[in-house]
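There are 2 protein chains.
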Amino acid sequence: MRIMTSYLRVQKPLPFINFKSITRAFSVAATKSPPSKAIIYSTHGEPNAVTKLVSVPGIEVKENEVCVKMLAAPINPSDINRIQGVYPVRPEPPAVGGYEGVGEVYSVGSAVHSFSPGDWVIPSPPSFGTWQTYIVEDHNVWHKVDKGVPMEYAATITVNPLTALLMLEDCITLNSGDTIVQNGATSMVGQCVIQIAKSRGIRNINIIRDSANPSPGRAGVDEVKERLKNLGADEVFTENELEVKNVKSLLGDIPEPVLGFNCVGGNAASLVLKFLRHGGTMVTYGGMSKKPVTVSTSSFIFKELSLRGFWLQKWLGKDKAEESRGMIDRLLALVKDGKLKYKMELAPFEDFNTALDKALGKHGSQPKQVIKF
Amino acid sequence: MRIMTSYLRVQKPLPFINFKSITRAFSVAATKSPPSKAIIYSTHGEPNAVTKLVSVPGIEVKENEVCVKMLAAPINPSDINRIQGVYPVRPEPPAVGGYEGVGEVYSVGSAVHSFSPGDWVIPSPPSFGTWQTYIVEDHNVWHKVDKGVPMEYAATITVNPLTALLMLEDCITLNSGDTIVQNGATSMVGQCVIQIAKSRGIRNINIIRDSANPSPGRAGVDEVKERLKNLGADEVFTENELEVKNVKSLLGDIPEPVLGFNCVGGNAASLVLKFLRHGGTMVTYGGMSKKPVTVSTSSFIFKELSLRGFWLQKWLGKDKAEESRGMIDRLLALVKDGKLKYKMELAPFEDFNTALDKALGKHGSQPKQVIKF
Chain A
542 MRIMTSYLRV
552 QKPLPFINFK
562 SITRAFSVAA
572 TKSPPSKAII
582 YSTHGEPNAV
592 TKLVSVPGIE
602 VKENEVCVKM
612 LAAPINPSDI
622 NRIQGVYPVR
632 PEPPAVGGYE
642 GVGEVYSVGS
652 AVHSFSPGDW
662 VIPSPPSFGT
672 WQTYIVEDHN
682 VWHKVDKGVP
692 MEYAATITVN
702 PLTALLMLED
712 CITLNSGDTI
722 VQNGATSMVG
732 QCVIQIAKSR
742 GIRNINIIRD
752 SANPSPGRAG
762 VDEVKERLKN
772 LGADEVFTEN
782 ELEVKNVKSL
792 LGDIPEPVLG
802 FNCVGGNAAS
812 LVLKFLRHGG
822 TMVTYGGMSK
832 KPVTVSTSSF
842 IFKELSLRGF
852 WLQKWLGKDK
862 AEESRGMIDR
872 LLALVKDGKL
882 KYKMELAPFE
892 DFNTALDKAL
902 GKHGSQPKQV
912 IKF
Chain B
542 MRIMTSYLRV
552 QKPLPFINFK
562 SITRAFSVAA
572 TKSPPSKAII
582 YSTHGEPNAV
592 TKLVSVPGIE
602 VKENEVCVKM
612 LAAPINPSDI
622 NRIQGVYPVR
632 PEPPAVGGYE
642 GVGEVYSVGS
652 AVHSFSPGDW
662 VIPSPPSFGT
672 WQTYIVEDHN
682 VWHKVDKGVP
692 MEYAATITVN
702 PLTALLMLED
712 CITLNSGDTI
722 VQNGATSMVG
732 QCVIQIAKSR
742 GIRNINIIRD
752 SANPSPGRAG
762 VDEVKERLKN
772 LGADEVFTEN
782 ELEVKNVKSL
792 LGDIPEPVLG
802 FNCVGGNAAS
812 LVLKFLRHGG
822 TMVTYGGMSK
832 KPVTVSTSSF
842 IFKELSLRGF
852 WLQKWLGKDK
862 AEESRGMIDR
872 LLALVKDGKL
882 KYKMELAPFE
892 DFNTALDKAL
902 GKHGSQPKQV
912 IKF
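First to last, the protein sequences are chains A and B.
Residue numbering for the first sequence follows the numbering used here, beginning at 542 and increasing consecutively.
Residue numbering for the second sequence follows the numbering used here, beginning at 542 and increasing consecutively.
No incorrect hints appear here.
One copy or two, either will do: identical chains are not told apart, so a pair holds if it fits within one copy or between any two.
In the DSBU-like style, the derived pairs of lysine-lysine whose C-alpha atoms are separated by at most 30 Å in a straight line are: (1) 903 / 770; (2) 831 / 844; (3) 603 / 593; (4) 832 / 786; (5) 831 / 789; (6) 573 / 685; (7) 855 / 786; (8) 861 / 815; (9) 859 / 789; (10) 880 / 766; (11) 880 / 685; (12) 844 / 832; (13) 861 / 844; (14) 855 / 815; (15) 855 / 789; (16) 815 / 859; (17) 855 / 593; (18) 610 / 913; (19) 861 / 913; (20) 786 / 831; (21) 882 / 739.
It should be emphasised that the hints constitute simulated quantities derived from the structure, not laboratory data.
If we strip away everything but chain A, and leave its shape as in the complex, we get (with noise of 0.2 Å):
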């Protein structure tokens, strides 16, 4: 349970009684971290109205632990359900906010020869408490990345790639020239999709919402059609343009799609099932539209679909640190080639309340906000 383990030691600097740092506080004098700055909330709820930015003195960096200064954690839908109070696992308030981030080592215990300060970590698996900047935690919360990689990138290259990329590899075996279908494309997983199927030789059909009633700043569809293209996708519709009978034939040579992707549901989802072949997977990993999955009989009897979900977290429980460690790194080697990219802003931590307003989608579609500490 190293996430708990991990959740109950960011809390311990806030001023509450904590015995163990009470304890602690009597012991022999260490190294110390920096005081540190946080987003915590100290009740689940709406968050521009539960968040607040508060200090917390230094504590004990104690031999096996490691010092990280944070310096970037993204503001994602799952941190702000936490908040919320929505999402089946979450820390219990008062927490501090966000999950995933990458830092810089800061000082290190007396034991870790493992990391030296200077080096860029991040918590792999993510833990609870990204949004403050300083962390110490046990040295094996931490894993080292690449530096030739932009810092927005490497605080954001779990939650979101590392699902497009096993939802790739983990739910059935996928063959150069086989085809995938998903709704939700402009979404950060989405867009990853895209370019590792491409970067494997999968054909990737893509669902976007209609240009009716589009948000505020949002791009005209030809654009978003034209910036999917360039990531690699072979086609792209809209749902309207998925209004015919027979939406296969809108297919040409592209082999009918094996494997669908639904982070939407309900016509979304309906349409990512159309286009599957007899026998083929709808894996759901999201619910944007917050309308249920509506699925024939026909389609399981006689089309053989197969229909599940996949869960980041769930899959990060299942002791997967080190293979998922692996696949960050393959990520993050695609980020430096060039071959993997997606849109975010990084927001000055000062303005976290403009960039969580943004998240929130206050002011229409926006890129994904990564707090810059």
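Given chain A, work out where chain B should sit, using these hints.
Structure of chain B alone, referenced to chain A:
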């Protein structure tokens, strides 16, 4: 494609121009089958309207063929759907109705040594065209069965009981002590699931329709529950009884089900999903309510449920003839031991139209109709 060959063969005696039978008329005289009576349909449509009884002349029994005098054959829902033209794999009319049944060997071709007159045989895998009094087919089509079971069981052992057995054995690995949940528990597959599960030490939770608006002749809820419990049901609930916040509170000491079977769709499918444990699988094999299956996003992601379908005809098409014959023998052994029973009504062939009406639901809920030739 033995099934299609079989279909072509049963068409041969029909009074349409058929070059092969013309050719045969000039070949050397051989043993002929007796004249036969058959229920045929010359076009797709409502079964009452399009089926008719015809007489067909006897045909030559070639050296590798077996002439079978049919004893009994059921009217299954899929037979009706084939006549209606709404089943995805079906013979093109004109065709003889029926897909499974049992017969007695009447005569064998000169090269056939594995069967003798008087043997009971079933077409295995099933073949189109069992609603006729004599069938001549290659010896490979036939599987000899134990004459120690009632003919109506031998006639019906494939389509429904084999589906139940395969769903319990082929979807996931079930161990003694595991639990399954199913809706449509009074269906023939449902009754078989209960008894086969019972014989393997698998707990079973059953969902039946509500007593509101019962069909004429439909037994009361208490009577149905009693009957299913006598077959081996651990629990039986009506859909209304499951309108509670947490259906699992009704399970007592029964473990949460790992596998669910759905042959209804709509709310009855949602109830199966509610019962399933984390990571469970729901297999859809029918859609009696004609409503689709609706699944929340969180069921896929956070509860990690998997959904798939099962279709016997497809499974049999995967070169499973030998395997299926072994399973049929196991099922008939259960019948012989009194461990597998289900309600049927034998209908004389001359009363086919009444039996068809009953199978079509025109007289309320009725036992499975089995034509006795």
